[in-house]
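Taken in sequence, the protein lines are chains A and B.
Okay, so the first sequence: first residue is 1 according to the working numbering, each after it adds one.
Okay, so the second sequence: first residue is 1 according to the working numbering, each after it adds one.
Just to be clear, a hint being listed does not mean it is correct.
[Unchecked claim] In silico BS3-like cross-links for lysine-lysine, where the CA-CA straight-line distance does not exceed 25 Å:
1) Lys87/A - Lys40/A
2) Lys469/A - Lys499/A
3) Lys22/A - Lys40/A
4) Lys263/A - Lys121/A
5) Lys547/A - Lys107/B
6) Lys121/A - Lys107/B
7) Lys99/B - Lys547/A
8) Lys499/A - Lys233/A
9) Lys98/A - Lys87/A
10) Lys233/A - Lys487/A
11) Lys469/A - Lys107/B
12) Lys108/A - Lys40/A
Keep in mind the hints are simulated off the structure, nothing from the lab.
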Amino acid sequence: MRRRILGIFLLLFLSLGGVAAKLFFLQIQQSDGLTARAAKQYERRLPILSRRGTIYDRTGRELAVSLQVASVFAQPAAIEDPAGTAKTLAPILGQPAKDVLARLTTDKPFVWLQRQLDPPKAEAIADLNLRGIGLFPESRRYYPRQELAAHVLGLVGLDDRGLEGLEHQFDDLLGGQPQFVVAQQDALGRIIFRQEESRPQAPIFDLTLTIDEVIQYIAERELARAVERSRAKAGTAIVMDPATGDILALANQPTYDPNTYRKATSAARRNRAVTDAFEPGSAFKVILLAGALEEGAVRPGDRFHGENGAIEVSGVTIRDHEKYGWLTVRQILTQSSNVGAIKIGQKLGKSLYYHYISGFGFGSLTGLDLPGETPGLMRRPRGWSALSLSVLSLGQEISVTPVQIATAFSAVANGGNLVRPHVVRGLRAVDGSLQRQVEPVVIRRVISSETARMLLDMMRGVVEEGTGKEAALEEYSVAGKTGTAQKLDPATGRYSHQKVVASFVGAVPAEAPRLVILVLIDEPETLRWGGSIAAPTFREIARDALKYLQVPPSPARDVRLVRVS
Amino acid sequence: MWQTIGSASPGVRVASRPVARRPALRWESLAFLSPAVLGLLILAAALLYVWQHTSVVRLGYEIEQLRERQAALVQESKGLRLELGQLRSLRRVEDIARKRLGMVAPKPGQVVVIPESVVQ
C-alpha cells in the first residue's frame with residue numbers, strides 16, 4: 001500500500017516536474033523569441049500619412065493640395081495563380097496582361113504594379129481581394145488650377161518629395177516623411193488598438209504665396225497670346241509690387257501642367273524667369289541713366305549730338321535706327337538712341353557705371369525664394385575691352401535674368417530702394433503651433449528718391465512720345481522702357497540680326513507705382529521690336545490687373561469724376 | 001421638580017446605560033463560510049475583468065471603424081474641394097463667361113473706382 005502511494009506520488013512529481021521544466025523553457029529561456037513571434041501575429045505597423053502642406057495664393061485660394069491615394073503592389077511569392085491574377089488586374093490597371101504577368105512572376109519579394117491609382121480603380125482592386133496583391137496608401141499632389149503658376153509651385157515626385165519650384169525649395173517645411181504607428185490586430189487582421197504617437201514630429205507647414213491667382217492668370221493669358229502672335233520661342237512675364245518686392249505673378253512660356261509633369265518637356269518645365277539670363281538691351285539704358293543722373297554726370301535737359309545716327313567706337317560703328325541731331329538726355333531715353341547712350345556712358349565712366357550696375361543687383365542673386373536662380377554674367381571693369389563701356393551702355397555684353405530686371409525697375413519705381421523679391425508671404429504650421437510672416441527686405445538704397453522721380457518722369461516720356469507708345473493706357477499713366485536685344489549666335493559667336501529678345505518693363509500708375517511689370521519675348525519671328533510685341537502685352541496685363549486691384553485712375557486722365565455740387 | 005432642559009440637576013446621578021455586548025466575530029464561523037464567499041468574490045472579480053476587457057476590445061473596434069470613416073470623409077471632402085478648385089479655374093470661368101454667357105470685359109470708363117478721399 002505505502003509503496004503504491006509512493007509510486008503514484010513519484011509519478012505525479014515527475015510529470016509535474018516535466019511541466020515545470022517546459023514552463024521554465026518557454027517563459028524564461030525562450031521568452032524573448034516567443035514574445036516577438038506573438039507580437040508579430042497581433043501587431044502590425046500601419047503607415048500613417050502625414051499630409052503634405054497646402055500651398056495657397058495670397059488670398060487663400062488653394063494652388064497645391066495633397067490627397068491620399070493608393071498604390072497597388074504584388075508579393076509574387078504569395079500568388080497562387082499568376083496568369084489568372086494578371087488577367088483580372090490588367091483591364092483595371094490599363095496595362096497589357098502579359099506585362100502584368102511579367103511582373104507577377106519575378107523572383108523579387110515585392111513589386112509595384114502601379115503607383116498612385118485613381119480612387120475608383122483602387123476600390124475595384126480592393127474588392128477583388130486577390131492573394132498576394134495589396135494596396136498601400138500614398139500621398140499624391142494635385143494642382144487644381146492646372147498649369148497656373150506651374151513654374152513657381154514646381155512639382156512633387158512619386159515618393160512625395162518636391163523636385164522643382166517651391167515644392168523643392170520648401171520641401172522640409174511642407175513635410176511628408178512617411179510615418180508608422182504600431183497597432184494590434186485580431187485574427188482577421190482587423191485593427192483593435194493603435195498605440196498613440198509618442199515620437200514628436202516636425203511640424204508641417206502650409207505656405208501662403210505673394211502670387212495673386214487673378215493677376216497670375218492675367219499675366220499667363222496675355223503672355224501666351226503674345227508668344228503665339230509673334231511665333232516666339234519663349235517668353236516671361238513678371239508682375240511685382242515695387243514697394244514690398246512681392247511677386248504677384250510670374251509666368252513663363254512654354255508652360256506645363258504639373259499634374260501630368262511626366263508628359264512635359266524639360267524646356268516647358270524650366271522657370272526661365274530665374275534660370276535664364278539674357279542680354280537686356282535698351283531697357284538697360286535706364287540703369288545707365290540712373291547712375292549718370294545720381295552722380296550728376298548729366299542732367300535731364302543736357303544735350304548730346306546724335307551724329308546723324310552712327311558713332312565709331314574702337315573701330316566698330318554703332319548705329320541708331322534714325323539719324324538724330326541734337327538730343328536732350330530725356331530724348332535719348334524716349335527715342336532709345338544708341339549714340340546718345342554711348343556718350344552718356346562715356347561721361348559716367350567705367351567704375352561708376354559698374355558701381356550702379358552691381359548696385360541695382362545685377363551680377364548677383366536677388367535672393368528670391370525659388371530654386372535654380374542664376375546671377376547672370378557680368379565682368380568686372382578690369383576685364384572690359386575698349387568697346388565694353390559703350391556696348392554695356394546699350395545693355396549688351398551683360399546677361400541678366402528677368403527677375404533681376406523687374407527688381408531693378410522696382411527700385412526706380414519705389415523711390416530708390418532695392419528690395420528683395422519673394423514669392424512666399426507666410427508660413428503656418430498645420431497644427432497652428434507656429435506662424436511666420438515674410439517681411440519686406442530692403443537690401444540697399446541705390447539712388448535718391450529725387451533721381452528715381454526724374455527717371456520715372458523720363459520713362460513716362462518713353463510711353464507718351466517715344467518707343468513705348470503701345471504700352472499706353474487710357475486711364476493710367478505709364479512709365480516704362482522698351483528693349484530689343486540681339487542675341488549672340490552660338491554658332492558664329494556674333495550678334496544675330498534674326499534672333500532678338502524683345503522686352504518692355506514699366507511701372508503703373510507712373511505717379512505712384514503700384515505695379516512693376518516686365519514682359520520679355522524670346523526670339524519672336526514677327527513683331528520683333530520690344531515696342532511692338534512686349535509693350536502691348538504689358539498694356540493688357542496692366543489694364544486688367546489695375547482694374548482687379550481697383551486702383552483709381554491717374555488724376556489727369558480721370559474724366560468721369562465730375563464734381564457735383 | 002423643575003429642571004433645566006439639557007442639564008442634569010445636581011445630585012442626580014445619571015447612570016450609563018448598560019450596552020449589550022455583541023458576540024465577538026469568530027474565525028471559526030468565517031472559516032466555515034469562506035469557500036463559497038471567496039469563490040463568489042473571485043468569480044465576480046474575474047467576470048468584471050473579462051467584461052472590462054471585452055468592452056475595451058469592442059470600443060477599440062468601434063474607434064477604429066470611426067477613425068476609418070472619419071478618414072474616408074476627410075478624403076471625400078478634400079476630393080470635393082479639389083473638384084471645386086478645378087471648376088473655379090479662371091480659364092474655365094472666363095471661357096464660360098465669354099462664350100456661353102456672352103459677357104465682355106468692361107470698356108474704359110465703365111468701371112469707376114472712387115478714390116477713398118472722395119468717399120470721405
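If any of the earlier hints don't hold here, list their numbers in rising order.
1, 6
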